Amino acid sequence: MAANNPIAGLNKIFDNRIRLGVMSILMVNDAISFNDLKQMLEVTDGNLATHLQTLEEENFLKVHKGFVGRKTNTTYSVTRAGEKAFNEHIAALEKIIKGIK
Amino acid sequence: MDSENQHLDALQDIRKMMQRSSRFISLSGLSGIAAGFWALIGAYIAYTWIEDYYGTYSGIGYTNQNFNALKNKLFLLAIAVLGITILSAYYFTWRRAGRDKMPLWNHSSRMLVVNMMIPLVTGGVFILSMLQFNEWRFVAPACLVFYGLALINASKYTLDEIRYLGLCEVLLGLVSTQFIHAGLYFWAIGFGLLHIIYGFAMWWNYERNPKTES
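Protein chains in written order, with the numbering used here: chain A, 1 to 101; chain B, 1001 to 1214.
If we strip away everything but chain A, and leave its shape as in the complex, we get (with noise of 0.2 Å):
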């Protein structure tokens, strides 16, 4: 254990709340729309929309956009790689918490 540092385990990525929140809310559920992580996460819509972006751009999320009506629906879900990276990450955070106890 000694051997590697804890902290290398951690995701740049996930440094930013409104990441991570996002991360959060699709590992359990299936499919969230834009305007329902804008209402969990309370934060704007530019904002949530940057951070998207960079988990996209991250191939974490998958984006698929539909219509209600005329209006543009869009919902976001997880891949595997967001998935194994959250993974990964939350074990770091684990690993070092346990590590300063």
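None of these hints come from the bench; they were simulated from the model.
It is possible that part of the hints are untrue.
Claimed, not checked - Below 25 Å or equal to it, Euclidean Cα-Cα: the simulated DMTMM-like pairs (lysine to aspartate or glutamate) are:
id, chain 1, residue 1, chain 2, residue 2
1, B, Lys-1156, A, Glu-83
2, A, Lys-84, B, Glu-1051
3, B, Lys-1071, B, Glu-1051
4, B, Lys-1156, A, Asp-30
5, A, Lys-12, B, Asp-1013
Unchecked claim - If you want a taste of the chain A side facing chain B, the calculated C-beta under 7 Å gives, among others:
id, residue
6, Ser-24
7, Asn-29
8, Val-68
Since we're looking at a predicted model, the values are computed, not measured.
Ideal placement from N, C-alpha and C gives every residue a C-beta, glycine not left out.
With chain A held as given, fit chain B onto it using these hints.
Positioned in the frame of chain A, the structure of chain B alone reads:
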């Protein structure tokens, strides 16, 4: 240590988000108590009407005018009880959601309502079909069984305890099939007593002392 707190915060954030987004936890125990109260009043009114009917029973049965009048009255009573129960449940849940600073209509409450409505509407249509053919004997058991299944189905999207209430309702419904003439009593126990006990237990555990809520 600063970084320790920071990482603990992150983990707590994750947990909160996972729970908030997948479960609707603002369901108030008081709405259970109110539902039970309305059900008992409804059952009592139904009981007196049925007593009156049998007091003047003419022996003619289903084609009798009195029977049809009773059937319609009981049907309207059931609708009224259902309506007032939904209103009070909505009120108490709205109040609690406001206190928890949670939106009432969000992803998780939507999932909760949709998954509860599937068995509930099925049961409602099924019971109406039974009444259509004057098959009243299994109305009370069917109400209990379908309602119980609706709760079990909905429990995935709200507090776990709802699942046990659902199991009790199903069990009671199945037992009541063996005591057909006591249907109203079973109905009163299932919708009245169980709701009050459950609502009180939930209120005691989660709402009595708002500070213990996270």
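Could you tell me which of the hints above the structure violates, numbers in ascending order? Hints 2, 8 contradicted; others consistent.
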